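Let the sequences and hints guide you as you build the complete structure.
Chain residues, written in single-letter form:
2 protein chains.
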Amino acid sequence: MTENPKNAVLLLSGGLDSATTAALAKERGFTVHALTVVYGQRHAVEIEAAKRVAASLGMAEHLIESIDLRLFGGSALTDTIAVPKSEAVDQIPSGIPATYVPARNTILLSLALAHAEVIGSTDIFVGVNAVDYSGYPDCRPDFIAAFERLANVATKAGVEGSNFTIHAPLLHLTKSEIIREGLRLGVDYGLTHSCYDPTPNHTACGRCDSCLLRRKGFADAGKTDPIPYAYLE
Amino acid sequence: MTENPKNAVLLLSGGLDSATTAALAKERGFTVHALTVVYGQRHAVEIEAAKRVAASLGMAEHLIESIDLRLFGGSALTDTIAVPKSEAVDQIPSGIPATYVPARNTILLSLALAHAEVIGSTDIFVGVNAVDYSGYPDCRPDFIAAFERLANVATKAGVEGSNFTIHAPLLHLTKSEIIREGLRLGVDYGLTHSCYDPTPNHTACGRCDSCLLRRKGFADAGKTDPIPYAYLE
Chain A
0 MTENPKNAVL LLSGGLDSAT TAALAKERGF TVHALTVVYG QRHAVEIEAA
50 KRVAASLGMA EHLIESIDLR LFGGSALTDT IAVPKSEAVD QIPSGIPATY
100 VPARNTILLS LALAHAEVIG STDIFVGVNA VDYSGYPDCR PDFIAAFERL
150 ANVATKAGVE GSNFTIHAPL LHLTKSEIIR EGLRLGVDYG LTHSCYDPTP
200 NHTACGRCDS CLLRRKGFAD AGKTDPIPYA YLE
Chain B
0 MTENPKNAVL LLSGGLDSAT TAALAKERGF TVHALTVVYG QRHAVEIEAA
50 KRVAASLGMA EHLIESIDLR LFGGSALTDT IAVPKSEAVD QIPSGIPATY
100 VPARNTILLS LALAHAEVIG STDIFVGVNA VDYSGYPDCR PDFIAAFERL
150 ANVATKAGVE GSNFTIHAPL LHLTKSEIIR EGLRLGVDYG LTHSCYDPTP
200 NHTACGRCDS CLLRRKGFAD AGKTDPIPYA YLE
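Chains as they are written, first to last, in numbering that gives the first Met the number 0: chain A, 0 to 232; chain B, 0 to 232.
Hint data in this document are derived by calculation from the structure and do not stem from the laboratory.
Please read these numbers as outputs of a predicted model, since none were measured by experiment.
Beta carbons: idealized from backbone N, C-alpha and C, even for Gly.
Errors might be hidden in some of the hints.
Said to hold, decoys possible - Pair ranges (Cβ atoms, derived):
#, chain 1, residue 1, chain 2, residue 2, range
1, B, Arg-69, A, Pro-92, 38 to 48 Å
2, B, Asp-78, A, Ala-144, 23 to 33 Å
3, B, Ala-59, A, Ile-95, 26 to 36 Å
Unchecked claim - Heads up, incomplete: computed chain B residues facing chain A, CB under 7 Å, no partners named:
#, residue
4, Ser-55
5, Ala-59
6, Leu-62
7, Leu-70
8, Gly-73
9, Thr-105
10, Ala-113
11, His-114
12, Glu-116
13, Phe-142
14, Arg-148
15, Ala-153
16, Thr-154
17, Ile-226
As the list claims (entries may be wrong) - Footprint (simulated), chain B over chain A, 3 or more residues, beta carbon under 8 Å:
#, segment
18, 55–68
19, 71–85
20, 110–120
21, 140–146
Next up, the structure:
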């Protein structure tokens with residue numbers, strides 16, 4: 000397929016980071032094809048958030064792919080392992096936490112690469128962040144660079160001379176900087192879902208790593224998080 | 000998880016190459032965990048072949064994962080695109096054919112990587128071949144090397160010091176050499192399925208690239224292919 004430099008594929012989880020990344024991709028002039036993956040995550044409610052975000056931000060397309068990673072397990076998000084909870088960001092234990100899903104971002108980017116190649120796009124956006132994050136190996140610059148190199152030898156498009164770019168515009172931003180960027184671009188964070196372990200009625204727990212990082216980000220930015228938290232009610 | 004040097008994950012399609020790779024992995028002393036992926040392939044009958052091969056070769060485990068790549072399409076194997084047919088191997092047009100599935104082997108290796116990390120294995124076997132093959136970019140040595148580098152930065156195991164090895168023991172063998180290796184190790188090729196476009200009763204067509212390469216491999220090896228072909232009946 001002919002290369003179309005204006006089309007981009009975006010991995011959209013429904014969380015704060017990917018919503019902000021979507022807004023940034025649009026600002027950079029891309030026609031954004033969103034891809035959400037249902038992978039058996041404990042917090043599958045984020046899929047509904049992804050649909051709301053895609054509609055709100057005017058994505059050109061929103062595909063939802065399914066792959067059940069519970070077949071492999073090995074993570075608090077896909078297995079019967081408790082999601083770690085803390086009282087504050089500075090109390091989160093160091094090291095890679097139990098919510099790490101083995102090879103998840105490799106799988107997600109592989110699927111985005113497949114979609115990009117079929118629609119003739121060489122631009123893939125992903126909302127990974129290596130500052131206010133959970134220490135996941137597949138959120139670091141080394142990982143993004145290695146995947147970009149792989150994409151160019153793995154595909155027909157790459158072999159025929161196209162150069163894939165994995166855009167990770169949040170990579171070096173703090174959570175508060177991400178939130179400021181999103182607010183500048185009109186992202187409605189009330190539509191997003193970040194919690195790894197929501198209550199049965201889908202309220203964010205407020206104490207998992209993802210909730211803590213989000214809450215601290217809003218506090219540092221001097222903004223109010225529009226979503227409710229079970230822990231604070 | 001503690002690294003277990005004797006466990007390996009093998010991508011098992013049910014075809015001739017992956018069956019031979021399974022036998023080679025066992026010969027090298029690995030306990031082989033087979034992984035088959037149902038990806039919406041036209042020739043889904045190969046899944047039944049994978050089950051037969053796994054049982055025949057004594058795999059320690061055989062997981063079957065599903066991801067419907069028809070959502071993206073773009074290939075004769077996953078979309079409404081005709082499978083190219085020829086009369087002989089030397090009449091196959093040059094270039095990457097319509098049966099190329101965008102990013103397929105990247106996706107399959109990503110899933111194998113997830114499974115390997117969860118079971119504490121750093122060895123992944125894949126039956127790609129860059130001699131008697133269809134010109135797919137993700138069957139070449141460059142691709143295997145790039146994925147190996149990615150695996151070591153993408154995973155918790157890699158970051159913590161493990162070194163993943165992507166074993167592709169067929170990479171530089173001709174199809175007849177592969178068949179001789181398999182026969183030496185007792186592989187029953189009557190259990191395997193290679194055809195991209197089988198008849199409604201699951202008989203190999205005999206004229207797709209995969210059938211042609213297989214038939215030539217048996218002829219060159221001076222052996223009889225135990226499976227029937229619709230085209231030759």
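Structure-based check of all given hints:
1. Look at Arg-69 of chain B against Pro-92 of chain A: about 42 Å separates their beta carbons, and that is inside 38 to 48 Å.
2. With their beta carbons about 32 Å apart, Asp-78 of chain B and Ala-144 of chain A fall inside the hinted range of 23 to 33 Å.
3. A C-beta distance of roughly 27 Å is found between Ala-59 of chain B and Ile-95 of chain A, which places it inside the suggested range of 26 to 36 Å.
4. Interface hint status for Ser-55 of chain B: violated, as the beta-carbon distance to the closest one in chain A is roughly 23 Å, over 7 Å.
5. Below 7 Å, beta-carbon pairs count as interface contacts, and Ala-59 of chain B has none with chain A, the closest being about 15 Å; its hint is therefore violated.
6. With a least beta-carbon distance of about 6 Å to chain A, the hint placing Leu-62 of chain B at the interface is held under the 7 Å criterion.
7. With a least beta-carbon distance of about 5 Å to chain A, the hint placing Leu-70 of chain B at the interface is held under the 7 Å criterion.
8. Here the hint on Gly-73 of chain B is kept, as its CB sits about 3 Å from the closest CB of chain A, short of 7 Å.
9. Residue-level restraint check for Thr-105 of chain B holds (minimum Cβ-Cβ distance to chain A is 4 Å; threshold 7 Å).
10. Hint on Ala-113 of chain B holds. Least Cβ distance to chain A is approximately 4 Å, under the 7 Å limit.
11. At a threshold of 7 Å, the smallest CB-CB gap from His-114 of chain B to chain A is about 5 Å, leaving the interface hint in force.
12. Contact between Glu-116 of chain B and chain A, as hinted, is supported at the beta carbon level, the nearest pair being about 4 Å apart and thus within 7 Å.
13. Interface hint at Phe-142 of chain B: satisfied, since its Cβ lies 5 Å from the closest Cβ of chain A, which is below the 7 Å cut-off.
14. Hint status for Arg-148 of chain B: holds, given a least beta-carbon distance of 6 Å to chain A, under 7 Å.
15. Because the beta carbon of Ala-153 of chain B sits about 5 Å from the nearest beta carbon in chain A, less than 7 Å, this interface hint is met.
16. Taking 7 Å as the C-beta contact cut-off toward chain A, the hint placing Thr-154 of chain B at the interface holds, the least distance being around 6 Å.
17. The criterion of a C-beta within 7 Å of any C-beta in chain A is not met by Ile-226 of chain B, whose closest approach is roughly 29 Å, and the hint is violated.
18. With a threshold of 8 Å between beta carbons, the proposed coverage of the segment 55–68 of chain A by chain B holds, since 6 of its residues qualify and at least three are required.
19. For the segment 71–85 of chain A, the assignment as covered by chain B holds, since 3 residues bring a beta-carbon within under 8 Å of that chain's beta-carbons and 3 suffice.
20. For the segment 110–120 of chain A, the stated coverage by chain B is satisfied: 6 residues place a CB nearer than 8 Å to a CB of that chain, which reaches the threshold of 3.
21. Counting residues of the segment 140–146 of chain A whose C-beta lies closer than 8 Å to any C-beta of chain B gives 4; at least three are required, and the coverage claim holds.
Of the numbered hints listed earlier, those contradicted by the structure are 4, 5, 17.
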